[in-house]
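Student: With the hints as constraints, model all of the structure from the sequences given.
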Amino acid sequence: MLLEKLKQELLTMKRVAISFSGGIDSTLLAYCANDILGKDNVLLVIIDSELHKREDAQNAVAIAKHYGWQYVIKDIQELDSEAIRNNHTDSWYHSKMMLYQAVIDSAKENGIESVCDGMILDDLKDYRPGLKARDELGVISPLVLAGFAKPDVRQLAKALGITIWNQASSCSLISRFPYNSTITLEAIQKVKAVEKLLEAQGYENARARYYQSMVKLEIPFEKIQAFFAASGPLKEQIKAIGFKNVALDLDGYHYGNMNNTLKGKEVSG
Numbered sequence: 483m484l485l486e487k488l489k490q491e492l493l494t495m496k497r498v499a500i501s502f503s504g505g506i507d508s509t510l511l512a513y514c515a516n517d518i519l520g521k522d523n524v525l526l527v528i529i530d531s532e533l534h535k536r537e538d539a540q541n542a543v544a545i546a547k548h549y550g551w552q553y554v555i556k557d558i559q560e561l562d563s564e565a566i567r568n569n570h571t572d573s574w575y576h577s578k579m580m581l582y583q584a585v586i587d588s589a590k591e592n593g594i595e596s597v598c599d600g601m602i603l604d605d606l607k608d609y610r611p612g613l614k615a616r617d618e619l620g621v622i623s624p625l626v627l628a629g630f631a632k633p634d635v636r637q638l639a640k641a642l643g644i645t646i647w648n649q650a651s652s653c654s655l656i657s658r659f660p661y662n663s664t665i666t667l668e669a670i671q672k673v674k675a676v677e678k679l680l681e682a683q684g685y686e687n688a689r690a691r692y693y694q695s696m697v698k699l700e701i702p703f704e705k706i707q708a709f710f711a712a713s714g715p716l717k718e719q720i721k722a723i724g725f726k727n728v729a730l731d732l733d734g735y736h737y738g739n740m741n742n743t744l745k746g747k748e749v750s751g
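What the sequence shown shows, in my numbering, is residues 483 to 751, in sequence order.
Certain hints may be false.
Said to hold, decoys possible - No farther apart than 30 Å at their CA atoms in a straight line, the calculated lysine-lysine pairs in the DSS-like style are these: (1) K535 with K590; (2) K547 with K521; (3) K590 with K640; (4) K535 with K547; (5) K678 with K556; (6) K698 with K674.
If you're looking for bench data, these hints aren't it; they were derived computationally from the structure. Owing to the predicted nature of the structure, the values given are computational and were not obtained by experimental measurement.
Tutor: See the structure below:
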């Protein structure tokens, strides 16, 4: 049973710090770690970065408070790093290095040796420079070691009564930008505004891909027809955010869109 395997992995670590995003993977890990090791032995580290939606950190805090879990919030400034800001193919690596280092620093400040993340088996199939950062810094992925794939995570989370068991995945806003294009705070704010607008209109798990004066929208394929029927006012609202042109990907939202230029490689987003 996967839960028993996870228990055995966690029991090898007396105290742990977990990189906690509030997504379903890290929430399941946090739930099990707190249950198995005890709340005094688990610290959740929530990263607040300009390359993540503020709502993500807020939701992570809300989940931690709901369960009474220990947590700290670490602010990082990813755009201060030229290696991240210039968005080369290794920018994900530098982004993950900064994130993991913040978690490691929090762990050290609290006398904790073991640092974990919520990575699952699905993540190993993709082009993820973050894996290199994880391995270089010695971060542990208990869900991977226990053999969890996404369906397993959702099934166990649902059985445990975790209300976000079916929550859509989220990731760094780096994924909204083409490689080798400079990411600015202004551009990030525009992307956030468009995606917030789309979400308010009922387009969950939508993506706003940034191309300077144009934004390309990716929404769930099954909602494309409805989008065309009511896109007029929405298009004008998006233009008011600062885009001259609004395009729609007729293939719908698909994972790793910005990596079509990387032959044989994919990445999150």
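Student: Next step is simple, just say for each hint if it's right about the structure.
Tutor: Results of checking the hints against the structure:
1. K535 with K590: 27 Å, holds
2. K547 with K521: With Cα atoms ~12 Å apart, K547 and K521 stay inside 30 Å; holds.
3. K590 with K640: Not satisfied, since the Cα-Cα distance of roughly 33 Å exceeds 30 Å.
4. K535 with K547: OK: K535 and K547 at ~19 Å, within 30 Å.
5. K678 with K556: 23 Å, holds
6. K698 with K674: 13 Å, holds
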